[in-house]
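Q: The primary structure of each chain is shown beneath.
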Amino acid sequence: MTRHVMVADLRRCIGCQTCTAACKQANATPPGVQWRRVLDLEVGEYPNVRRVFVPTGCQHCADPPCEKVCPTTATRRRPDGIVEIRYDLCIGCSACMLACPYDARYKTERREYGFGEKPTEDEAMRADDSLLGVATKCNFCADTVDAGVARGLTPGEDPEATPACVNSCISGALVFGDIDDPKSGVSKLLDENKHFRMHEDLGTDPGFYYVWDQDLP
Amino acid sequence: MKARATPQVSNVPSYCYNCVAGPDLLTVKVVDGVATQILPNFAAADIHPGNGRICVRALGLIQKTYNPNRLRTPMKRTNPHKGRAEDPGFVPISWDEALDTIASRLIAVRALGLTDEAGLPRVAASFGHGGTPQSYMGTFPAFLSAWGPVDFSFGSGQGVKCVHSEHLYGEFWHRGFTVSADTVSSRYIVSFGANVEVSAGVCAVRRHADARVRGIKRVQIEPHLSVTAAASAEWVPIKPKTDAAFMFAMLHVLLHEHPRERLDVAFLRDRTASPYLVGPNGYYLREPQSRKPLIWDGGRSAAVPFDMAGAAAALEGNFTVEDCVEIGPDRTTWRHQRATGATAFTRLVEHMRPHSPEWAAPICDVPAATVRRVANEYLDNACVGETIEIGGSVLPLRPVAVVLGKTVNNGWGGYECCWARTMLAVLVGALEVPGGTLGSTTRLNKPLGNRLASVKPGEDGFMAANFNPTDRAHWAARPTGRNAHRTLVPLVGDSAWAQALGPTHLAWMFLKEVPNHWQRPSAPDVWFVFRSNPAISFWDSGRMVETMANMPFVVAFAYTFDETNHMADILLPEATDLEGMQLIRIGGTKFVEQYWEHQGVALRQPAVAPRGDARDFTWISTELARRCGILEPYNTAINRGAGCVPLKGSNYDFSLDPSRVHAVEEIWDAECKAATAQFSNGAESKDLAWFKQHGFYTVPYKRSDWYLYPAMVEKNLRFELPYQERLFKAGRELAHRLHEHDIHWWDAQLEEYAPLPLWDDVPARWERALRKMGGDPAAYPLWLITTKSMQYSAGNNVGIPLMNEVAGNMRGHGGVILNVVTAKHLGIRQGDPVEVRSMTGSTRGNAVLIEGIRPDTVVIIGQFDHWKTPYAKDLHYPSLNTVAPLSLDLTDSTGSGSDLVRVSVRASTQP
Amino acid sequence: MTATVRGAPRLQRSWDSRAACNFICGGAGTGLLLAAAAALPSGWPYAPAGVLAFALIGFGLWMVWLEIGRPLRALNVFFHPQTSWMTREALLALPLLIIVGAAILLDQRIVPLPFKTHGTVIDLAWAGAVLGLAFLYCQARILTASKGVPAWREPSLQSVIVITGITEGLGLLLLLGLAVATPPSWVFAAGLVALAARAGAWEYYRRRVAAGAPATATAALNRISSPVHLLGHVLAAVLLIVALITPTPVLPAAGAGLALVAVGAWLKFTVVTRAAFTQGFAIPFLPVRGRAGS
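Residue numbers (my numbering), protein chains in the order written: chain A, 1 to 217; chain B, 218 to 1128; chain C, 1129 to 1422.
Hints are computed from structural coordinates only; laboratory data are not their basis. Among the hints, a few may not be true.
[As the list claims (entries may be wrong)] Cut-off 25 Å, straight-line C-alpha distance, at most; resulting in silico cross-link-like pairs (PhoX-like, lysine-lysine):
1) Lys118/A - Lys1090/B
2) Lys456/B - Lys989/B
3) Lys932/B - Lys509/B
4) Lys118/A - Lys246/B
5) Lys1085/B - Lys118/A
6) Lys663/B - Lys673/B
7) Lys663/B - Lys865/B
8) Lys1085/B - Lys293/B
9) Lys919/B - Lys932/B
Quick caveat, the model's predicted, so the values are computed rather than measured.
With these hints in hand, go ahead and build the complete structure from the sequences.
A: Below, the structure is given as structure tokens:
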């Protein structure tokens, strides 16, 4: 079996938002839509304060609440763990957006552009009306992953089979791969380090892990 | 994406060098002739210290290219009146008209003389952010070289926005134009506000991330919890501008609270001036005949010249020396038959005695225990005595470093901080060795960019220094540039970069008003501006704009309208990042944390056709040269290396015929071939077609060449520390020269020339300056500082919506950052519009309330407050620059100022 | 390092007052179907209540149709009955409206039939009421399936929604008393029972939310809680008691009905649009940014 997961090493992340921008560019998402983004969070009171950067987006849950509530079956979990949305089925009811505990989904009703009313040349070329009025979110760049796998490449290792955010990550914080493969980069990283998943108590079995410290024997 | 019929897709290699932390090697995905994505050049992963990744700013280049606000044709001004309120009346013109207009102006200037009656160049040029525009201006440097004297002293933020004191002192002491930790080998870094995670680019981010996972400890000491503090093991909030006191206390702990053998005694003795004997007048005791500084030889129990073979130099003590001299300013000589000399180290020990952590605690508002702990941890991690093998050489391993950020290492206090930081390295032998504090490159010492080759023996066993002369015979009484860098700043020297590193705000200030006994400089007849917006990026923006309006003829290479080119006479739209062609050097060691194990060149090439009638910068330069009648010297300058590399070397020759016009591709083809021949020692030469496909060419660069220490050992030279006799002397001489000319307005700056920096209540300078302006410090109770945003490279991408969007994920972007408790006292709630007011102006933004900032500090990120730049002007973001005064009182002896302003904050009724 | 770092929850904007309308109207309409069926044996005509319920349910669904991003694909809503309460709600809506429509037609004898129809109307009315209750239950489950909104996923919201629907239905019947006929007195008693149940369910729900949802959500609920109790429960109870003991109960009953309906709508509007803060973000451990201690 294969389960593609994302690992964010919080020790490394510095909130540069390169992944955010790379995702936007790879997926031509409109202004305000960030399938991948990095949160900037603070805890404590002056002077004992800590600040932490947390990459987030669709967690590709094994038990995705978004899939359950979807009345159209547009959202479904693929056998390789990627939770996808079939935009041609979605009716844009937003139930999935409210079911997602990770605030990972977006809906845009009309074309929007960076500079206002008119699209730039690249925006005009890439505008995709099939994404209007429907729920959208990170799909782990499934097209890239699929094309790469079809060519015998390894997602998470070969850039041509790896999500744009991971390819772009400058600190090496984002790592992608098959958690069911004990030799994969994500498996090794998780084996060697302490990690958690967000809102684990909600029972969604997310496919997005956060590394926070080394696992000393 | 839409399904398309067999789209034509290509990936075009190029680079982004929009900030000093570049270049990043990238590829542009082009679909049917339209650039759609910026991606890393994955082929560079093995040769690039940041794993071949690219910074977030590079991703803005698509929108930069297709920005509908771009200027697409040359334009000329039709309204002769200039000013913020004036409509320039720009109208489109042809390239011929634009270039002929400029050329005729230049020809007329040339007929008048290249310099004016006062000897100042009639042509001036300003380029933005740390020399990065050079990577986008093609062969324009060859045009400027062919032209002759050009005044580069109209800064766009240099001196006040750069790490200015570090540039000058860093180069002087260890050829470090910028200074960094050797992060890859370090164990403990004390960082005073060095926001490396934001401002030091992809290489730094990767190096530090790896180091954190490896287990480095970085202590970030700064008034607010920056991104770098967030990514550090510890954040220590410190009162703004008191960093020197913290470092002095660390020096005190090392010198007074630990046995001497815990320091690197051998390094101090052999590689520094610590054993040099200092006489009663404060100058080195010297041997009368050779004039060499004396050390105390414990073996002979006698003073001997510092370079006496076999001498057992005493590191500390006071010694009586028979028959010696002291040489002071203007060669004043004191002959001593019998003098007591203390070693420079002993002077240091005594100098630091009062500066205990308990002394520093109330100054810095940091507990003494914290200061002492940081000092002790620093020492504990210094590993004095350990070595490491790098590239077959055994070098000392001293995995501790101290790094300084902007506002710490420039302006008043910058000298103390740079000196104390370097001394912290020196005491444990951690200067220029693996794991320690390193310089990156040279810009003030020749050869530029090759720090190891710049290590040349000079006076007194030190590296050659490159000071501007201060003796009566050679002092430049008449400035050669409008910021008087040679006249006022001995330390900056006179390299190609020196002028731009002089007191660049003085050039602006003196155009408006001059102090006593100073000749008012003329405005330059022609001013070229490229990738620079001083109307926004300097201080006291309103006054800057007024001054700029008096420039008689301004040629701006213009991407969009902006606040500076609002005053232009001619606007020239150049083919920008993804549209133009250029070859640049990459690798080796360069600014901030660019420490590569490869070096070579990279090509920028047109990924897409230029928008509108934008033209390649090299074409523009060639045409200007031709029309001005300086084609031959222009081509000769290219042949000499002004484009990228010399076109002729010992084993290659790709020189251009100087007499004729060469096409853009022809020039860069020659550069490509010459560069590869140079780097391969003539073994191969790759042409432009090869580069278009591959993007870059590199050869290995030895990691051991990151460190200056081996070169110092090889040449048996000493670092010119701790005692600053040379600076002290230069300062006294400069004082004599200025006073001889009845100039006293630089006296406060002259006081900074102390042989061992004195603690000066640095924040009080701002309070005094405020009082002098008629203000009451109590009415402006908060310290406004600024910090960079990773998403913005200074100001040059403020018009790009993608950057604004993703920067919005980071707290404080576009707002006024305040401590929650302070805000509560002021009656300000999260998101409230507030006004930040100083004595000279006000700026507005929405309050961002956080815990991670000192209660007496306010932070505004980046540089905004635009009123002309499209898109940016509609953001209505605040800017420190609007409220920071341009002030001689707040200018230090190197000519730099700090981004620091006393302000009040109140809820604003206006959004 | 353990320390829970939280990112502020935000008020959801995906479902606005149009979606709230569906919960308000659908709930009241289905509640009314139950009340109308129960009132038939007392001689109450079915049609007025049936028409009102039909209209309310239909209006609510129309509002939802207006809110979805791709209305022309609305039929895709039927594709996922296995787990989607929205699909189930939609599947129930069709037979529900048909049955209620048929009951109205028969009750009004608009289509002449050669047999007595009163029994059929009763059967259909009860079928409509049962389907309506199922529909109402689906609506409750739609909210509690929304894991991303803590104030919604709280299970006790189900009883609030169902009980509120029933209460509103009774309230509407009391209001209809103004136009149709004096409602049977058991309706007053049932109203009292229902409002007591709603008050209890609401209080329980509010406390559960306070224990587990963002403070902003709790604050939104708390803001309306006193007026909800005062108007929707205390005042309504007083009026119903008056109706029980007075010989002319129509007006106080209608007043009580209005209070029951209005407060139910207000309460659901608040839950859907004002207390619907998202989960936000939280990490239970802080990253170790290099080793603390040298």
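Q: If you draw a straight line from the CA of Lys1085/B to the CA of Lys118/A, is it 25 Å or shorter?
A: Given pair Lys1085/B, Lys118/A holds - Cα atoms ~20 Å apart, limit 25 Å.
Q: Mind checking the alpha carbons of Lys118/A and Lys246/B for me, to see if they're no more than 25 Å apart?
A: 22 Å, holds
Q: Can you confirm whether the C-alpha distance between Lys456/B and Lys989/B stays at or below 25 Å?
A: Between Lys456/B and Lys989/B the Cα gap is close to 23 Å, so the pair holds against 25 Å.
Q: Check whether the Cα positions of Lys932/B and Lys509/B lie no farther apart than 25 Å.
A: 17 Å, holds
Q: CA of Lys663/B to CA of Lys673/B, is that 25 Å or under?
A: 10 Å, holds
Q: Hey, Lys663/B versus Lys865/B, does the alpha-carbon distance stay inside 25 Å?
A: 20 Å, holds
Q: Starting from Lys1085/B, check that the Cα of Lys293/B is at most 25 Å away, please.
A: 17 Å, holds
Q: Lys919/B and Lys932/B were given as a pair; does the straight-line alpha-carbon distance stay at or below 25 Å?
A: With a Cα-Cα distance of about 19 Å, the restraint between Lys919/B and Lys932/B holds, given a limit of 25 Å.
Q: Is Lys118/A close enough to Lys1090/B, meaning Cα to Cα at most 25 Å?
A: Given that 25 Å is the threshold and the Cα spacing comes to 19 Å, the pair holds.
Figure legend: structure checked against the earlier numbered hints; every hint is met.
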